[in-house]
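S.K.: Listed below, chain by chain, are the residues.
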Amino acid sequence: MSTQATAYPLPADWRDFFALTKPRVMSLVIFTGLCGLLAAPESIHPVLAFTAILCIAVGAGGAAALNQWWEADLDAGMKRTAGRPLPAGRMDRTSARDFGVALSVGSVLLMGLAIGWLAAGILALSIIYYAVIYTIWLKPRTPQNIVIGGGAGAFPPLIGWIAATGEITAMPVILFAIIFFWTPPHFWALALFVKSDYAKVGIPMMPVVAGEKATRQQILLYALLLLPLSLLPWWIGDAGSVYGICAGVLSVVFLLLSLRVGLRQRHGEGDTMKPEKQLFAYSVLYLFALFAALVADHWLVVQGIAA
Amino acid sequence: MIDSNEPEAERKRIQRSRNRVLAALLIGFCILVYFISIAKMS
Chain A
1 MSTQATAYPL
11 PADWRDFFAL
21 TKPRVMSLVI
31 FTGLCGLLAA
41 PESIHPVLAF
51 TAILCIAVGA
61 GGAAALNQWW
71 EADLDAGMKR
81 TAGRPLPAGR
91 MDRTSARDFG
101 VALSVGSVLL
111 MGLAIGWLAA
121 GILALSIIYY
131 AVIYTIWLKP
141 RTPQNIVIGG
151 GAGAFPPLIG
161 WIAATGEITA
171 MPVILFAIIF
181 FWTPPHFWAL
191 ALFVKSDYAK
201 VGIPMMPVVA
211 GEKATRQQIL
221 LYALLLLPLS
231 LLPWWIGDAG
241 SVYGICAGVL
251 SVVFLLLSLR
261 VGLRQRHGEG
271 DTMKPEKQLF
281 AYSVLYLFAL
291 FAALVADHWL
301 VVQGIAA
Chain B
1001 MIDSNEPEAE
1011 RKRIQRSRNR
1021 VLAALLIGFC
1031 ILVYFISIAK
1041 MS
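From first to last, the protein sequence lines stand for chains A and B. Numbered by our numbering, the letters in the first sequence go through residues 1 to 307 in order. Numbered by our numbering, the letters in the second sequence go through residues 1001 to 1042 in order.
If you're looking for bench data, these hints aren't it; they were derived computationally from the structure. Computed from a predicted structure; not experimentally measured. Hints are not guaranteed to be accurate.
[Stated by the list, open to error] Label-pair ranges, simulated between beta-carbon atoms:
1. B/A1009 <-> A/T94: 19 to 29 Å
2. A/A82 <-> B/Y1034: 36 to 46 Å
3. B/I1031 <-> A/P41: 27 to 37 Å
Each residue gets a CB set at the ideal place from its N, CA and C atoms; glycine is no exception.
Isolated chain A (complex conformation) (with noise of 0.2 Å):
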């Protein structure tokens, strides 16, 4: 691995080590945690809440740091990710280590110490699969990449219930199965209309390497196994008829119009791809939609509003 970013005189500023982090990204994760903590049919004492939301968004922000630190070679070739404090030259590449590390290490005992060694074991899992297993070992080996990425996503719900029960049980295990299924149509649907720098720096994404319409399948393919797992955690009785009917309707929509992108090619260069704009701005939606409607059942359920 060799060192690009330049040397440069002066500390790096607070702001870049908290850009590091991906603090848009940890946007999600936050609330997909707090979606798994508050849909647990126990609760905890809301600081201890509080610090488990912490430490799943800052053990998320640990792995992120990671990620640039390995990834500050590929991020200097794209244009997208060149402003980053590595690329760019703000920061040495070992203060992103360490402190990518620092974060991990403390969230992780934070979490074991303050709420359970389950959840913290959990959180550790969820910090190595996307640093090392998806960063340094899988993403630049396979166009499945955004498959596997997906798992990294989906731990925060599971943390979450984790944090609150104790235990894991099937649903927290749906909830992670959710995000898995949903990321790739979401991420390929956005692939398919914004011309990305991956393909220059050798990362295999799937439209590149496989072509468009083998993605436009699967995004088909993903969009028609989300459909039944959301009905799951009603279907088994975790969750209410409020939940089922939020996730039917939203799911068939999410399958409407992943069909439309399914079933289309690409008319020219001219094609403005609406489609696939409208399905991905609308991945987006269903995902919060999804895990608010959930929080909600459960809510009128414990207020006896809801069956």
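Assemble chain B onto chain A, guided by the hints.
M.R.: Just chain B now, with coordinates in the frame of chain A:
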């Protein structure tokens, strides 16, 4: 003419802002540990 002290002043400014953020985080962490210990006891 370029002021030769400019990089040094910038270095000190960055270092000061980093120290402030670090101090705020440490204080926040101490408060959190205090409330965690209270929550664990209740």
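S.K.: Is the distance from the Cβ of B/I1031 to the Cβ of A/P41 consistent with 27 to 37 Å?
M.R.: Holds, at about 30 Å.
S.K.: If you check the beta carbons of A/A82 and B/Y1034, does the distance land in 36 to 46 Å?
M.R.: holds, 43 Å
S.K.: At the C-beta level, are B/A1009 and A/T94 separated by a distance inside 19 to 29 Å?
M.R.: holds, 25 Å
Of the numbered hints stated above, none is contradicted by the structure.
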